[in-house]
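Student: The chain contents come next:
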Amino acid sequence: MKSFGLIILLLMTACAAKHELPQTQVTNPYQARAEGLARAGVHALDREQWNRAKMLFEKSLQAATLADDQRLMSLAWYNLGRAQVVRGDAKAARTAFQQAIRQADAIQERVSMKRAGLALALLDEQDSSQAKGLPSADLLRVPDAFPIDVHLAAARLAEIRHQFELAQHAYGRVLEMAGQDRSGLTYAARAHLGLVGLARSQAAPDGVVKDSAWMHLNQAISLLRRAGGPRLMLQALNMAAEMETDPIRRQQWQQRAAAVQQALQKAHSE
Amino acid sequence: MTTENYVAGMRRKVGWFVMLGLGAIVALLLVATLRTEVFARKFTLYVAPPSASAFFVGQEVKFQGFTIGRVDDIELQPRGEVRIALRLLDRYRGMLHQGSAVRLFKPGLLGQENVEVTSGDVRAAMLGDGALLPFREQATLEQLLMDMKPAVANADTLLGELVSVARWLNDPQGDIRLATANVRAATQGVDQGAIQQTIQRVSDAATQLERLSHQLADNKAGEHLANSLKQTAQVLKNIEPLTNELRRQAPEALAQSRALVQRLDDLSRSLNGIAMDMQQLTPELPGLAQESRNAMLEMRRLAGAVRNSWLGGGAPEPVSNGSELVAPPIMDTTQ
Numbered sequence: 004m005k006s007f008g009l010i011i012l013l014l015m016t017a018c019a020a021k022h023e024l025p026q027t028q029v030t031n032p033y034q035a036r037a038e039g040l041a042r043a044g045v046h047a048l049d050r051e052q053w054n055r056a057k058m059l060f061e062k063s064l065q066a067a068t069l070a071d072d073q074r075l076m077s078l079a080w081y082n083l084g085r086a087q088v089v090r091g092d093a094k095a096a097r098t099a100f101q102q103a104i105r106q107a108d109a110i111q112e113r114v115s116m117k118r119a120g121l122a123l124a125l126l127d128e129q130d131s132s133q134a135k136g137l138p139s140a141d142l143l144r145v146p147d148a149f150p151i152d153v154h155l156a157a158a159r160l161a162e163i164r165h166q167f168e169l170a171q172h173a174y175g176r177v178l179e180m181a182g183q184d185r186s187g188l189t190y191a192a193r194a195h196l197g198l199v200g201l202a203r204s205q206a207a208p209d210g211v212v213k214d215s216a217w218m219h220l221n222q223a224i225s226l227l228r229r230a231g232g233p234r235l236m237l238q239a240l241n242m243a244a245e246m247e248t249d250p251i252r253r254q255q256w257q258q259r260a261a262a263v264q265q266a267l268q269k270a271h272s273e
Numbered sequence: 659m660t661t662e663n664y665v666a667g668m669r670r671k672v673g674w675f676v677m678l679g680l681g682a683i684v685a686l687l688l689v690a691t692l693r694t695e696v697f698a699r700k701f702t703l704y705v706a707p708p709s710a711s712a713f714f715v716g717q718e719v720k721f722q723g724f725t726i727g728r729v730d731d732i733e734l735q736p737r738g739e740v741r742i743a744l745r746l747l748d749r750y751r752g753m754l755h756q757g758s759a760v761r762l763f764k765p766g767l768l769g770q771e772n773v774e775v776t777s778g779d780v781r782a783a784m785l786g787d788g789a790l791l792p793f794r795e796q797a798t799l800e801q802l803l804m805d806m807k808p809a810v811a812n813a814d815t816l817l818g819e820l821v822s823v824a825r826w827l828n829d830p831q832g833d834i835r836l837a838t839a840n841v842r843a844a845t846q847g848v849d850q851g852a853i854q855q856t857i858q859r860v861s862d863a864a865t866q867l868e869r870l871s872h873q874l875a876d877n878k879a880g881e882h883l884a885n886s887l888k889q890t891a892q893v894l895k896n897i898e899p900l901t902n903e904l905r906r907q908a909p910e911a912l913a914q915s916r917a918l919v920q921r922l923d924d925l926s927r928s929l930n931g932i933a934m935d936m937q938q939l940t941p942e943l944p945g946l947a948q949e950s951r952n953a954m955l956e957m958r959r960l961a962g963a964v965r966n967s968w969l970g971g972g973a974p975e976p977v978s979n980g981s982e983l984v985a986p987p988i989m990d991t992t993q
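Protein chains in written order, with this note's numbering: chain A, 4 to 273; chain B, 659 to 993.
Calculated directly from the structure, the hints in this document are not laboratory data. Computed from a predicted structure; not experimentally measured. Be careful, since some hints might not be right.
So, partial list: chain A residues that the calculated Cβ filter (under 7 angstroms) puts toward chain B [as the list claims (entries may be wrong)]:
hint : residue
1    : ARG42
2    : VAL45
3    : LEU48
4    : ASN82
5    : ARG85
6    : LEU125
7    : ASP152
8    : LEU155
9    : ALA156
10   : ARG159
11   : MET246
12   : PRO250
By construction, the Cβ of each residue, glycine as well, lies at the ideal position given by its N, Cα and C atoms.
Work out the full structure, taking the sequences as your base and the hints as a guide.
Tutor: This is how it looks when you write it as structure tokens:
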């Protein structure tokens, strides 16, 4: 009886030894911090707090470096570049985007490489002192699975470079991907505004704006009313004022745009 | 002779005494001056902040937590610009490079602010004497409080909405109660026991929701509320016979709950920002930041539970496109 008990005990011990301990979920606090700071920086950028956004992205980069996470480092460099663009420091923005590309290249992270590459090309397009890059089909072609912001950037670049078919396709992809949350609605509004630009650039020779341009513009304004985005709203109202042929209605659009602009300036000075 | 020897001895002793005293004073002075760096070589840097209100002459200037100098002079330039001279120890000059900046930081929640110099780009050249450094503004506690105001107002509104939804759910003359009564009448004899039981569970959950929503302001109420709402959501999701009928009869419920979910999302975003701000600004209050973050996580879970429930229309949680971590692309220079 004693030996039987001993055998049972041995078997139980063996079973217990074979049983693997459950994997404990560990979160790297530096990664979490880098992501949290990036999120807060994007939020600050949305609220047009440029300096604050820059500070948060710098700290995000620091945390990503401490986590030794190259994907997050690349993302942080891109975000930092984006904050530098709105602060008007094109040189620093260019350096940050180049750093983002280098970092993404090191780990073959295609999404980050494409994102930073497009941002750099867009920056070059805006900066008249920089030599314009040759239209690169590779840069403008974005796999469908890539995130929505990459498609939007590609659409904008294709529009600037007069590659209208590619731009149309990319804006369409943005509209397909845009969710129903605030960020999704804002992306959809940006895509509609881009499509307005496309429709206008392909307008009839007599200068009459296509109906589709007005349709996209109205959709953009409606989305922006839901999601909120005064800077984009200002852009939409200015577009409407430019497109309107009736002088009274044009004046109304201009007045609305001026009111939004004044309110924005006042909000910034406070 | 003896007297002369005595006097000479006394003189010698007094002489030694005076010399030792003077030596001690000189040694003390030497130690004091060495410790206070009075005679150490120094160099000057300038900074031009928008306001001098947080600066004063003699204020410590820190680098990596070490005192490396003091504010030497504050003056108002003829064009109304503030110019502050920082007198720093020369031996630290090798650590300060081009790209350095000056900022103010508060070591604690209370007390005066310190001036801090950052090292700059270590690959760049050292700073020269008389260099003008940029002043880097940091988000202040006041700004944080300003940021918190709308979130607190949001939380108040949210609490009010939760209570009103709960009251509406619990109203004997409300749509849900009437709808359940209608269904009960329509399905008499089908499975009365199960329906009665289900209605009772809905009623219990709604009562629990109302009770717990009053405790939202309490620290641990969020978790309880989330659990309660999850239970409610689960109960409501499982009421298959009631779902279509209620969906038809209670469009207001859908509208209210969707608006609620939207507000929860907004609130969770602003709480996220606040939690990050708090961690940045008040490192001595990690508990507070943690609490905000926990509140945010609970709110997110809550939003997810409601959204997935029948109340939210049964739609699955939208897949995140990761855009919350990425700044939107440049459309023009004003964005």
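Student: Hints first: check each against the structure and report whether it holds.
Tutor: Do the hints match the structure? See the list:
| no. | hint | in the structure |
| --- | --- | --- |
| 1 | ARG42 | holds, 5 angstroms |
| 2 | VAL45 | holds, 5 angstroms |
| 3 | LEU48 | holds, 5 angstroms |
| 4 | ASN82 | holds, 5 angstroms |
| 5 | ARG85 | holds, 4 angstroms |
| 6 | LEU125 | holds, 5 angstroms |
| 7 | ASP152 | holds, 5 angstroms |
| 8 | LEU155 | holds, 5 angstroms |
| 9 | ALA156 | holds, 4 angstroms |
| 10 | ARG159 | holds, 6 angstroms |
| 11 | MET246 | violated, 17 angstroms |
| 12 | PRO250 | violated, 27 angstroms |
In summary, the structure is inconsistent with hints 11, 12 from the numbered list given earlier, while agreeing with the others.
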